[in-house]
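Q: Sequence:
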Amino acid sequence: MNETRNPTGQLRPWRWLAVLLAAALLFTACGDDEEEPAAPAPAAEPEPAAEPEPEPEPEPAEPEPAAEPEPEPEPAAEPEPEPEPEPAAPPEPIDIRLVTWGGGKFIDFIDLYVAEENGYFAEAGVTLEQLPGAGAGDAVRQVVAGNADIAMADALSGFFATIAGADLEGIYCPYTQNWMTMLVNTGAGIESPEDLRGKTVAVTSQASTSKWYAALLLADNGITEEDVTFAATGIAFGEALLGGQAQAASTWGSINWALLEAGGIPDDQVGDYEIWQYTQVPGPNDVYFANRSWVDENTDGVGRFIEALEKAKIWIQENPEAAAEIGSRYAVGADNMDRNLAVIDYRIQMQSEGPGVAENGMGWCDVTTIQDVADQATELGILPDAADASAVISNRFIN
182 MNETRNPTGQ LRPWRWLAVL LAAALLFTAC GDDEEEPAAP APAAEPEPAA
232 EPEPEPEPEP AEPEPAAEPE PEPEPAAEPE PEPEPEPAAP PEPIDIRLVT
282 WGGGKFIDFI DLYVAEENGY FAEAGVTLEQ LPGAGAGDAV RQVVAGNADI
332 AMADALSGFF ATIAGADLEG IYCPYTQNWM TMLVNTGAGI ESPEDLRGKT
382 VAVTSQASTS KWYAALLLAD NGITEEDVTF AATGIAFGEA LLGGQAQAAS
432 TWGSINWALL EAGGIPDDQV GDYEIWQYTQ VPGPNDVYFA NRSWVDENTD
482 GVGRFIEALE KAKIWIQENP EAAAEIGSRY AVGADNMDRN LAVIDYRIQM
532 QSEGPGVAEN GMGWCDVTTI QDVADQATEL GILPDAADAS AVISNRFIN
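Counted from 1, the sequence shown has number 383 at position 202 by our numbering; the numbering is strictly sequential.
Among these hints, one or two may not hold up.
As the list claims (entries may be wrong) - Here are the simulated EDC-like cross-link-like pairs (lysine to aspartate or glutamate), alpha carbons at most 20 Å apart as the crow flies:
1. Lys286 - Glu297
2. Lys492 - Glu502
3. Lys492 - Glu534
4. Lys380 - Glu407
5. Lys492 - Asp526
6. Lys492 - Glu298
7. Lys380 - Asp453
8. Lys286 - Asp516
9. Lys492 - Asp477
10. Lys380 - Asp408
11. Lys380 - Asp401
12. Lys380 - Glu420
13. Lys492 - Asp276
14. Lys380 - Glu455
15. Lys286 - Asp519
16. Lys286 - Glu502
17. Lys286 - Asp276
Simulated from the structure, these hints should not be mistaken for laboratory data.
Kindly generate the complete structure, drawing on both the sequences and the hints.
A: As C-alpha cells, this is what we get:
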C-alpha cells in the first residue's frame with residue numbers, strides 16, 4: 182500500500198499520534214500483569230464526628246444522713262466515798278504504881294517525867310503513880326506486899342525476895358549499865374579496900390543497891406560486913422563525909438558530880454577524894470520487878486507502859502536540854518540545869534551501853550551478866566542461897 186509522505190519526508194503529525202496510540206495499546210497488552218494498580222481514589226473526607234452530647238449534670242446526690250452521734254456515755258457514777266475508818270478504840274486504861282529506890286522524885290528518873298510531859302503515857306492509856314522507896318530492898322518489899330505494882334531495884338534486891346519465896350518477874354532493865362561507885366576519903370588513910378576495915382561506909386539504906394554493891398566489893402577483897410560499919414544516910418553523903426561520920430560512901434554518878442564538881446565538897450578538899458568502880462557489877466543497874474501474876478493479868482498494859490518509856494528515852498537522847506528543863510519542873514532539887522544535864526548524860530549512857538543492849542535493844546536485861554553477879558553474891562555469902570536469873574528475868578517485852 183502506498184504510504185503518502187509529505188514532501189519533506191516526515192510523517193505528518195496525525196500519523197505520529199496514531200503511532201503513539203498503537204504503541205500504547207501494545208504496551209498495555211503486554212504488561213497487564215505488571216501494571217501498577219491505579220491509585221486509589223482519594224478517601225472521602227470523614228464527616229466531622231458529631232460533638233458528643235454533653236453528659237447531663239448528675240443529679241445532686243441525696244446527702245447521706247448524718248450519722249447519729251454516739252450517745253454520750255452515762256457519767257460514771259461517783260464512787261461511793263470510802264467509809265471513814267472507825268476511830269481506833271482507846272487503849273484499855275491501866276493504873277500503875279511504881280516505887281523507885283529513891284526517897285523522892287529525883288532527876289535520875291527523867292524518863293518517867295518526859296513520858297508524862299510529852300503525853301506518851303496518856304497515849305498508851307497509862308496512869309502512873311510514882312511512889313518513894315527507902316532503897317531498892319524497900320521498893321521490892323512494897324511490891325511483894327501489894328502496895329505497888331512495879332519496883333525499880335537492883336537484881337540482888339529482887340533475888341533476896343525470890344529466895345524468900347516471892348514469885349517475881351524482872352520485866353525490863355531501864356538502865357542497863359552500872360553507875361554505882363565507892364567514893365573514898367584518901368585523907369582518912371584509905372588507899373585500898375583493905376584500908377576500909379574499921380571504917381564507916383555511908384549507904385542509902387540497909388537494904389539498898391548502895392549497900393549490896395559495897396558488900397560485893399568488900400567481900401571480893403576478903404572483908405566482911407562485921408569488918409566495917411554501914412551507916413544509912415539516904416542521899417546525904419556529903420554531910421556524912423564532911424562531918425566525919427563516914428570515911429567512904431557507896432554512891433553513884435550524879436551524886437559524885439554534885440559532890441566533886443558542883444561544890445558539894447569544898448574545892449580545897451576535892452583532891453582528897455577518889456572514885457572506885459564496882460567492877461564486880463558491869464550492869465544492869467536497875468531492873469523493873471513485878472509480881473508475875475500481875476504481869477500475866479496486865480500483859481497488854483505493861484507492854485504499852487514500856488513502849489511509852491522507850492519513846493521517852495529516845496526523845497531524851499535527841500533533846501537532852503529540853504529534857505533537863507522538864508526535869509526541873511518534876512524533880513525535887515533539880516533547879517541546877519548543869520546538874521540536870523550531867524545526870525541526863527549519865528542516864529543516856531546507862532540506857533544505851535549496858536551488856537547485851539547493842540545486840541538485843543534498849544531495856545535488855547542481860548541474864549548471863551546478872552547470873553554472874555548472883556553467883557558472886559552467893560559465893561561471898563551476901564545472898565543466903567543460889568538464885569536462878571533465867572527463872573526470874575524474862576525480857577518478854579523487848580521488841
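Q: All hints are to be evaluated individually against the structure, with a verdict given for each.
A: Evaluation of the provided hints:
1. Lys286 - Glu297: 13 Å, holds
2. Lys492 - Glu502: 17 Å, holds
3. Lys492 - Glu534: 17 Å, holds
4. Lys380 - Glu407: 11 Å, holds
5. Lys492 - Asp526: 17 Å, holds
6. Lys492 - Glu298: 12 Å, holds
7. Lys380 - Asp453: With Cα atoms ~16 Å apart, lysine 380 and aspartate 453 stay inside 20 Å; holds.
8. Lys286 - Asp516: 13 Å, holds
9. Lys492 - Asp477: The hint is violated at about 23 Å.
10. Lys380 - Asp408: Holds - the C-alpha atoms of aspartate 408 and lysine 380 are around 8 Å apart, at most 20 Å.
11. Lys380 - Asp401: Roughly 17 Å between the alpha carbons, so the hint for lysine 380 and aspartate 401 holds.
12. Lys380 - Glu420: OK: lysine 380 and glutamate 420 at ~16 Å, within 20 Å.
13. Lys492 - Asp276: 19 Å, holds
14. Lys380 - Glu455: Distance of about 16 Å is within 20 Å: holds.
15. Lys286 - Asp519: 18 Å, holds
16. Lys286 - Glu502: 19 Å, holds
17. Lys286 - Asp276: 18 Å, holds
The structure does not agree with numbered hint 9 stated previously, though it agrees with all others.
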